[in-house]
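Visitor: Listed below are the residues making up each chain.
2 protein chains.
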Amino acid sequence: MHACVSYANTSVCAGRCAFACMGVCLCVGNGWIHESIMRGSVSFNPAQIILTAGATPAIEALSFCLADPGNAFLVPSPYYPGFDRDIKLRTGIELIPVHCRSSNNFSLSIAALEREYKQAKKRGIKVRAVLLSNPSNPVGNILHRETLYDLLSFVTDKNLHLISDEVYAGSTYGSEEFASIAELLDTGVFDNSRVHIIYGLSKDLSLSGFRVGAIYSYNENVIAAVSKLTRFCGISLPTQHLLVSMLSDTKFIEEYLKVNRERLAQMYALFVEGLKHLGVECFKSSGGFYCWVDMSKFLKSYSVKGELELWENILNVAKVVVTPGASCHCIEPGWFRCCFTTVTERDVPLVMKRISKVLKDHKARQ
Amino acid sequence: MHACVSYANTSVCAGRCAFACMGVCLCVGNGWIHESIMRGSVSFNPAQIILTAGATPAIEALSFCLADPGNAFLVPSPYYPGFDRDIKLRTGIELIPVHCRSSNNFSLSIAALEREYKQAKKRGIKVRAVLLSNPSNPVGNILHRETLYDLLSFVTDKNLHLISDEVYAGSTYGSEEFASIAELLDTGVFDNSRVHIIYGLSKDLSLSGFRVGAIYSYNENVIAAVSKLTRFCGISLPTQHLLVSMLSDTKFIEEYLKVNRERLAQMYALFVEGLKHLGVECFKSSGGFYCWVDMSKFLKSYSVKGELELWENILNVAKVVVTPGASCHCIEPGWFRCCFTTVTERDVPLVMKRISKVLKDHKARQ
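If you're matching them up, the sequences are chains A and B in order. The numbering of the first sequence is the UniProt record's numbering, which starts it at 1 and goes up by one. The numbering of the second sequence is the UniProt record's numbering, which starts it at 1 and goes up by one.
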């Protein structure tokens with residue numbers, strides 16, 4: 001258990017360069033971008049930040065430290081399909097979807113978490129953590145403070161870790177207010193040491209090519225262990241240098257985030273409106289880059305097979321890339337994730353025209 | 001077996017950015033630094049290069065693709081102590097040292113390889129590959145062409161992979177000529193698909209902070225599989241951009257490598273000379289950043305314990321950092337790796353003075 005934590009306590013002698021101290025490089029004196037996003041409602045301690053070459057290795061390294069092969073994380077679904085690859089592939093950890101449903105606005109139910117936890121236990125699987133994305137990818141909803149409190153109670157009660165992937169924290173555009181799990185921990189009611197936040201600059205600052213991610217952990221042993229793993233995913237120094245200048249310009253960052261949010265809101269509205277004209281409804285998202293789209297009424301059969309058939313036609317006939325709900329482990333067929341930030345405003349009518357053709361064809365052949 | 005190879009054949013749907021094509025970015029039109037080092041004696045195909053954020057993740061990712069947990073690699077020892085951490089920690093692969101001895105100039109013996117291979121087989125351990133560093137870290141010797149031929153015959157005979165870590169390929173300074181394993185493969189006699197080369201810019205171009213490593217593989221399946229793992233260790237784009245300019249300037253690179261070699265030779269000679277004055281002999285190295293130093297006659301007891309005692313005094317009394325041979329799995333006590341590139345010429349007398357004091361003390365108390 002906690003394989004890397006014990007590793008972190010051994011000192012290994014090696015000739016190649018070490019990156020032990022690079023974690024502090026970006027935050028000391030320059031603030032942390034997540035702090036800008038939280039607008040002063042919570043403060044972050046630089047000593048608790050571990051930097052990695054993107055959020056992808058961040059979540060993998062963290063997972064390596066929290067669980068052994070064969071252990072499991074509970075993940076509210078639909079969830080980001082990359083989790084399957086990023087976490088399961090090399091760590092041997094299992095992900096158990098905890099299904100959220102349209103009838104409940106795809107909200108997380110603690111009862112469902114409890115159910116899956118018990119099921120896993122019955123099957124002899126050790127659950128180690130709950131992993132969630134907030135704002136959620138793919139649904140785009142934001143977890144209410146009450147749900148976060150309930151989650152903290154749940155993980156405390158079951159002695160689990162809580163991983164909060166907040167890579168879209170600054171990419172909100174709806175009326176709902178985003179609260180990081182960090183805000184709730186400031187109250188001092190909960191055992192912070194079981195909470196870990198994933199962040200990155202790929203989404204909120206559109207810097208995916210820079211490969212900058214971070215783990216913010218409240219657990220000293222985890223910080224020590226993950227730090228050792230950064231030798232596999234260090235951020236290059238020229239990039240760090242560039243970022244220090246960029247992040248030091250707080251006025252620019254604030255303005256960027258503001259304009260980015262406005263543009264996300266515009267594109268989201270445009271996309272939702274376009275789909276509405278085709279008779280397609282979207283979930284009311286508040287954050288992230290995706291519309292969560294209900295095309296269930298266009299399925300030839302209400303099943304994963306029917307969903308993948310429609311997906312294939314959207315891909316190969318309409319030439320539009322969307323993500324089928326099935327690959328996000330959505331329990332209800334017919335939902336699709338559409339990324340509205342990869343197209344320009346001018347492209348939207350063309351995209352809609354193409355999708356429309358496929359949907360008409362599906363409707364006609366039903 | 002070959003866990004990641006099969007993974008590479010499945011297509012996974014994900015929202016986050018992919019780096020599948022970044023591998024070609026640095027080499028197309030710009031040549032590859034390794035090619036400059038080989039001075040035209042061998043050509044490299046850009047499609048066979050996979051770039052990673054340093055040689056460390058390169059070797060880890062490659063290992064993940066070549067073996068399953070519990071499998072083993074045979075590694076001529078003394079070997080780079082970082083291999084233990086970089087390979088064993090997350091992959092679960094075992095490293096089996098194949099001892100090279102001072103009486104044989106620390107040369108690799110195929111008979112010893114054969115012996116360890118058979119031993120492993122007897123113990124039910126599946127050997128997957130032979131891993132070597134050439135020029136060797138820590139010894140600094142260069143493998144003869146004949147040994148490389150014998151090695152290729154050995155791995156072919158046993159159906160193993162061969163991983164050649166050539167991160168010091170451009171950092172040679174002795175009279176011995178370095179030959180990459182790639183040169184021998186150009187003859188077409190051997191099955192190339194079992195050979196993989198590790199390279200990086202940290203050593204030959206002193207760019208460790210840039211985090212740029214590479215795998216050069218002759219195996220299509222391995223290339224496909226490792227490419228998928230680069231999402232955990234991508235090189236940031238600003239750094240790639242900088243490197244393209246740097247590597248395009250072939251005149252600069254050639255001049256840099258030439259001057260670097262000259263300086264390595266100077267520092268090596270200075271260090272060896274300094275140690276000689278203390279009555280300490282070094283192995284005759286030809287490449288890399290290290291003197292491989294025989295201090296066995298200063299051990300209070302001819303054992304690992306005696307070696308570590310001397311090491312502790314050099315560290316804590318002399319305040320000089322050296323690597324004990326034991327951490328390189330050297331079978332003979334009393335050898336130490338001394339990095340001569342971390343000090344300036346001016347520092348050498350001080351370093352020798354400090355070491356001298358410890359050695360005198362050890363001699364006196366023997």
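None of these hints come from the bench; they were simulated from the model. The structure presented is a predicted model; accordingly, all values stated were derived computationally and were not measured. Some hints could be false.
Cross-link-like lysine-lysine pairs, in silico, DSSO-like; alpha carbons within 30 Å at most [to be verified]:
| id | chain 1 | residue 1 | chain 2 | residue 2 |
| --- | --- | --- | --- | --- |
| 1 | B | K126 | A | K88 |
| 2 | B | K88 | A | K126 |
| 3 | A | K305 | A | K363 |
| 4 | B | K258 | A | K88 |
Visitor: Give a verdict on every hint.
Guide: Against the structure, the hints:
1. K126/B x K88/A: Cα-Cα ~24 Å, so holds.
2. K88/B x K126/A: Holds: K88/B and K126/A sit about 24 Å apart, inside 30 Å.
3. K305/A x K363/A: holds (16 Å)
4. K258/B x K88/A: violated (46 Å)
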